[in-house]
Amino acid sequence: MSSSSTAQSSTRSSSSPSSSSSSSSSSAAQSKERPSAAMDDRIVLEKHIAFIKSLDKKTESFEHYVTEHLRMSGVYWGLMAMYLIGGLDSMPREEIIAWVLSCQHKNGGFSGNNKHDPHVLYTLSAVQILSIFDAVDRIDAAKVAEYVASLQQDDGSFVGDKYGEKDTRFSYCALNCLSLLGKLDAIDVKKAAAFVLKCQNFDGGFGVVPDAETHSGQIFCCVGALAIADALDGVDADTLGWWLAERQLPCGGLNGRPEKREDTCYSWWVLSSLAMLKRVSWIDRVKLGDFIMKCQDVDDGGIADRPGNIADIFHTYFGFAGLSLLGYKGFQPIDPVYALPVHVVKRLGLSQRYWMS
Amino acid sequence: NTEIFSMHDRKKLPKAAVDAALKKQTAEKIEKYKALTKQCFELRKQQAYTADSLKVLDKLLFINPECYTMWNFRREILQTLKEGKTSEETNKLWDDELKYNAGVVERRDAKCYGVWHHRRWVINELNDPEVEHKELGMCDKLLMASDCRNFHCWGYRLWIVERLEKAGKRTNQQEKDYLIEKVAQELENYSAWHYRARAIQQSTSSEGATEEAASEIIQEELDTALQAVATQITNQSAAFYSKWLLAKAEELGEKEAVAQFLDNCSELREDADAKDSKWLLLMTVYSATKEENAALRDECLDKLCEIDPKHVGYYNWCKAQRK
Chain R
1 MSSSSTAQSS TRSSSSPSSS SSSSSSSAAQ SKERPSAAMD DRIVLEKHIA
51 FIKSLDKKTE SFEHYVTEHL RMSGVYWGLM AMYLIGGLDS MPREEIIAWV
101 LSCQHKNGGF SGNNKHDPHV LYTLSAVQIL SIFDAVDRID AAKVAEYVAS
151 LQQDDGSFVG DKYGEKDTRF SYCALNCLSL LGKLDAIDVK KAAAFVLKCQ
201 NFDGGFGVVP DAETHSGQIF CCVGALAIAD ALDGVDADTL GWWLAERQLP
251 CGGLNGRPEK REDTCYSWWV LSSLAMLKRV SWIDRVKLGD FIMKCQDVDD
301 GGIADRPGNI ADIFHTYFGF AGLSLLGYKG FQPIDPVYAL PVHVVKRLGL
351 SQRYWMS
Chain L
358 NTEIFSMHDR KKLPKAAVDA ALKKQTAEKI EKYKALTKQC FELRKQQAYT
408 ADSLKVLDKL LFINPECYTM WNFRREILQT LKEGKTSEET NKLWDDELKY
458 NAGVVERRDA KCYGVWHHRR WVINELNDPE VEHKELGMCD KLLMASDCRN
508 FHCWGYRLWI VERLEKAGKR TNQQEKDYLI EKVAQELENY SAWHYRARAI
558 QQSTSSEGAT EEAASEIIQE ELDTALQAVA TQITNQSAAF YSKWLLAKAE
608 ELGEKEAVAQ FLDNCSELRE DADAKDSKWL LLMTVYSATK EENAALRDEC
658 LDKLCEIDPK HVGYYNWCKA QRK
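Residue numbers (the numbering used here), protein chains in the order written: chain R, 1 to 357; chain L, 358 to 680.
Next comes chain L alone, as it looks inside the complex:
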C-alpha cells in the first residue's frame, strides 16, 4: 500500500529508481491527502459532528493515524452521536468504533500512540468488564501474530489487566500463569520477562505475603532464569532478570539461594561452549558476592573485558566495587 508512510527503516533508492511514474504517484497521493485534510478541517469548523464526517475521518486517519488533532475531532463527533441514544444504539456505536480502531491497529499502524490512546478512551466510555476481557484476547492475538515486543500493545494490555484486577475480575495468579507460558514460548521476549517481574513483585509484596513464600518464589524464578540461559546461551533477558532476583534474594537474606545460583552458573560453564558466553559470565559476576568469590569474580570480569571490549568501562567499574 503506497499510501502508508512510516518514519522508520526507509531504504534509500538509487536516483534512477525514483522515476517519473513514482513521482506522479506521489503527487497524486499528496493531492488526495491534502483534499481529505482540507475537508476534515472544514467539517470541524462547521461543527459537523455527524456520521458522515466520521466516514471522511475513517479515510484520513487510516492514511495518517499520527494526526492527533483528527482523533480529537473524531472524539467530538462520537460524543455528539452518543447523545439521546438507547443503550443498544450506543453499544453499537462503540462496538463499531472499536472495530474501526482495530482495523487501524491491525492493517495500518500498531505502534501509533494516538491509536491506542483512542482505544482506551472508547473502553472508558463503554466501561464493560465483558468487553475488557475480550480486549485481553485481542492483545494476545496481536502479540503472537504481529510483534511480541510491541510496547504499545503490552502497555494497553497492562491497562486492561489493571482495570480487571481492580474490579476483582482477574487474579495475580492468572497473570503469573499467562506470563510463565509467554516466557516459555519465547525465551528472548524481554517484554514478557518484564511483565513477569511485575507479577512476581506483586505476589512477593502483596498483603499477607510471608517472607518464606517470597523466598520460595525468588528461588523458583532464579531456577527459571538458569533454565532459560541453559536452553539458549545467547539469552540476555535472563541476565537482567537474574540481576534483579539476586538483589531481592540478598534483601531477604537468602545467601544460600545466591550461593546455589553461583554453583549452577559454574556448572553450566563447565561446558566448553558456554564457558565464555557473555550473559553467563555476567550472571556469575552478579552472584559471586561473597569475599571468597572475589577471585572468580575478577576472572570473569577480565574475560568479559576480552570478549566484550566496548563495555570495558563498565567492567572496570565493577572490578573497583567491593561489597
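The following block holds chain R by itself, in its conformation from the complex:
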C-alpha cells in the first residue's frame, strides 16, 4: 500500500518543518488547505466532514448537554480535526471568534462555555483557537498572561484555577498558552520546568504530581512543557522511549499505561511524545495506522476509541492527529508540542528545536 510505505519512510519528514507528509499538502499548509486526492482510500473523508459539521446541531444527544462545560476544548478539537483533513476554511471563523471572546472573564481567564468559570484548560483552548485563526490581537494578551501567571505556585507548579487543583496538565497549559502569546516571561519558566522534572518516575515517565503514577497523557503534557521550557535534556529519553513504545499492543493500537486497553486517543498522547523524543521508529507505524483506520465509523463518520464503538470529536481529532504524525497522505502537518498546525507555530516564530533532523 503506497500510504504505508510513505508512512514508514516519511515519518521523520512529517515531523520536520521543511517538509510535510505529502508534497501536495506542504504548500497547502502554507495557504489554503485542500484535501489531497492521494489520501488512503480507507478514509471515509466525506463522512468525517459531515460528522464534524453536524456537531453543533446535536441537540438531541445527551452528550451535547453534559459536555457543555468543556465546549471551548470541544471547538478546538473540531477545528483541529477539520484542519487535519484540509477543511479549516469551511469553518465559521467570525462566529467562533465571537463566541470565544464571549467566554473571557474580567480576570483574563477563559471558561469552557458561557456562564461557566475561568480555568487554565479552557484558557489554553481559547488561545489555541485564536492562534489558528490568527486573531490573538482580539484579546489583551497581557491580561491573559496575568491570569495564567497568577496560577503558578511557589514550587513552580500550576493550579487550574483559584480552587487549587495541582496537575502537570496545567503546567503544560500555562507554558503552551504563554508561549503562543509571546509572554513566557510572565512566569518563572525555570521553576516550572524544575517542578515538571520532579514528576519524573522510576520508569522514565511522568504523573500528575511528584510521585504519582506514570500516564501517557501526563507524559505528553510534561514532555511538551519541557520542550517549550527548553529543558528536554532532563528527560531520560531512552527509558521513557521504551515505556512509550511498549504502549503498542498486538492489535497495533496504543494504550495509556501497562495492562490497559488500546484507545485511539493514545495515538496522539503517545505518538507526539515519541515524536518529541525523536523515537517514533520504536513502534510499528503501519500497524498503528491500520488500527486507527479500523476505529472509523464508516457509516456516520468520526473515529471512536475502539473499533465498533461510538465516535466522538475527541477521538476523531486524535485519530487524525496520529495519522498526520505517522505521515499518511492527505493529512495536514501538526506540531507535536503545541498541538497546532505547523504553519501557525511557524507564523508565531516558535522554536522547533525538538524536531528530528
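Treat the hints with care, as some may be off.
[Stated by the list, open to error] Subject to a maximum C-alpha distance of 20 angstroms in a straight line, what follows is the list of computed PhoX-like cross-link-like pairs (lysine-lysine):
no. : chain 1 : residue 1 : chain 2 : residue 2
1   : L       : K667      : R       : K57
2   : R       : K47       : R       : K57
3   : L       : K491      : L       : K523
4   : L       : K412      : L       : K402
5   : R       : K47       : L       : K439
6   : L       : K402      : R       : K115
7   : R       : K260      : R       : K278
8   : L       : K498      : L       : K523
9   : L       : K416      : L       : K456
10  : L       : K667      : R       : K294
11  : R       : K143      : R       : K162
12  : L       : K380      : R       : K278
13  : R       : K58       : L       : K381
14  : R       : K294      : L       : K368
15  : L       : K391      : L       : K381
16  : L       : K380      : R       : K57
17  : L       : K491      : L       : K412
18  : R       : K57       : L       : K391
19  : L       : K391      : R       : K115
20  : R       : K106      : L       : K402
Think of the hints as simulated: they come from the structure by calculation, not from any bench. Please read all numbers here as calculations on a predicted model, not as lab measurements.
Place chain L on chain R using the hints.
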C-alpha cells in the same frame, strides 16, 4: 442507570435498536438535565448559598460530576454555610459532604478529576489526621472492590499518605509493608509496583540510609522482581521495575547483584516455556551489561525481534548501544 453518561467504551448500536422508546427516554433525560442546570445557574446568580441549593446540586453533580463550575458553586455554598457554626456543626457539615462525595465516587464516577479535587478541598478544610487515616481505608477498599488501577484513587491516597508522613503519623516502613502486600496480592498491578518504587526510593535515599542498607534493599527487590516473573511469566511490571533496580545497582557499584540477576534469569530460561518469553528476555538484556555477556545480549535481542516485530526499531537501537 440510563442517566449516567461516560465518554469511554460506548458500543455503537445498530440503528434499529435506537427506537422511538429510547429517543423519548433520551429527550426526557435531556429536559431533566437542562432544568436542573438552569435552576443551579439561577440559584448561583441569586447568590443562594443555602442548604436547599446544595440539595439541587446533589442531583446535578450526581448526573454530571464533570461539570466543574458546579463544584465551584458547591464550595461557595459550603464556605457560607460553615460561617458562625459550632465545631460540632461544622464537623457534621464536612462529614455529610464527605459522605455525599463518597457516594459520587462509589456509585457514579470514581475517575472524575473534579470529584477527587473536591474531596481534597474538604479534607483540607477539616484538617484532622483522624479523618485522614480513615481515608486510607476508603482508598484501599475502593482499589480492592472496584479498580486496582484507578490512578485518581491512588493519587488521592498518595496525597493522604504524604500528609500523614509529614505530620509524623505514618512511617515509610508502614507504606513499604502495605505495598509489599499489594504487590503480592496482584502481581500485575503496575500501580502498586510504582508506589512500591516510591517507598523503596524513599528508604534508600533518606537521611541516614547507608550504602550497605541501600544495596541490601536493592538486592531484596531484585529477588522480588524475579519471583514475580517466575510466578507469572507474562508479568510486565517486573520487567520495568527490574530495569530501574538494575540501573540503581550499577550506580551503587553492585556488579555482583547484577551478575546474579543475570544468572537467575538464565536459570529461569532453562524452562522451555519460559525461554523465549518477552519480559524474561528483556530482563536478561538489561542485566547482560558486561562485555562478556555481549553475545547473550545480542542473541536475546534477535529473539525479541522475532517474537515482537513491532518493536524492532527499539531492539535494533539496543543492539547498536555499547556500554
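Against the structure, the hints come out as follows:
1. K667/L <-> K57/R: Answer violated: K667/L to K57/R is near 41 angstroms, above 20 angstroms.
2. K47/R <-> K57/R: Holds, at about 16 angstroms.
3. K491/L <-> K523/L: holds, 17 angstroms
4. K412/L <-> K402/L: holds, 17 angstroms
5. K47/R <-> K439/L: Judged against 20 angstroms, a Cα distance of about 54 angstroms means the pair is violated.
6. K402/L <-> K115/R: Roughly 10 angstroms separates the two Cα atoms, so the pair holds.
7. K260/R <-> K278/R: violated, 25 angstroms
8. K498/L <-> K523/L: Answer violated: K498/L to K523/L is near 23 angstroms, above 20 angstroms.
9. K416/L <-> K456/L: The hint holds at about 14 angstroms.
10. K667/L <-> K294/R: holds, 18 angstroms
11. K143/R <-> K162/R: Holds - the C-alpha atoms of K162/R and K143/R are around 16 angstroms apart, at most 20 angstroms.
12. K380/L <-> K278/R: Not OK: K380/L and K278/R at ~48 angstroms, beyond 20 angstroms, violated.
13. K58/R <-> K381/L: Satisfied, since the Cα-Cα distance of roughly 15 angstroms is no more than 20 angstroms.
14. K294/R <-> K368/L: holds, 14 angstroms
15. K391/L <-> K381/L: holds, 15 angstroms
16. K380/L <-> K57/R: This hinted pair holds, its Cα atoms lying about 16 angstroms apart.
17. K491/L <-> K412/L: Status violated; Cα separation ~26 angstroms.
18. K57/R <-> K391/L: holds, 16 angstroms
19. K391/L <-> K115/R: Given pair K391/L, K115/R holds - Cα atoms ~14 angstroms apart, limit 20 angstroms.
20. K106/R <-> K402/L: Holds, because 17 angstroms separates the two Cα atoms, which is no more than 20 angstroms.
The structure does not agree with the numbered hints 1, 5, 7, 8, 12, 17 stated previously, though it agrees with the rest.
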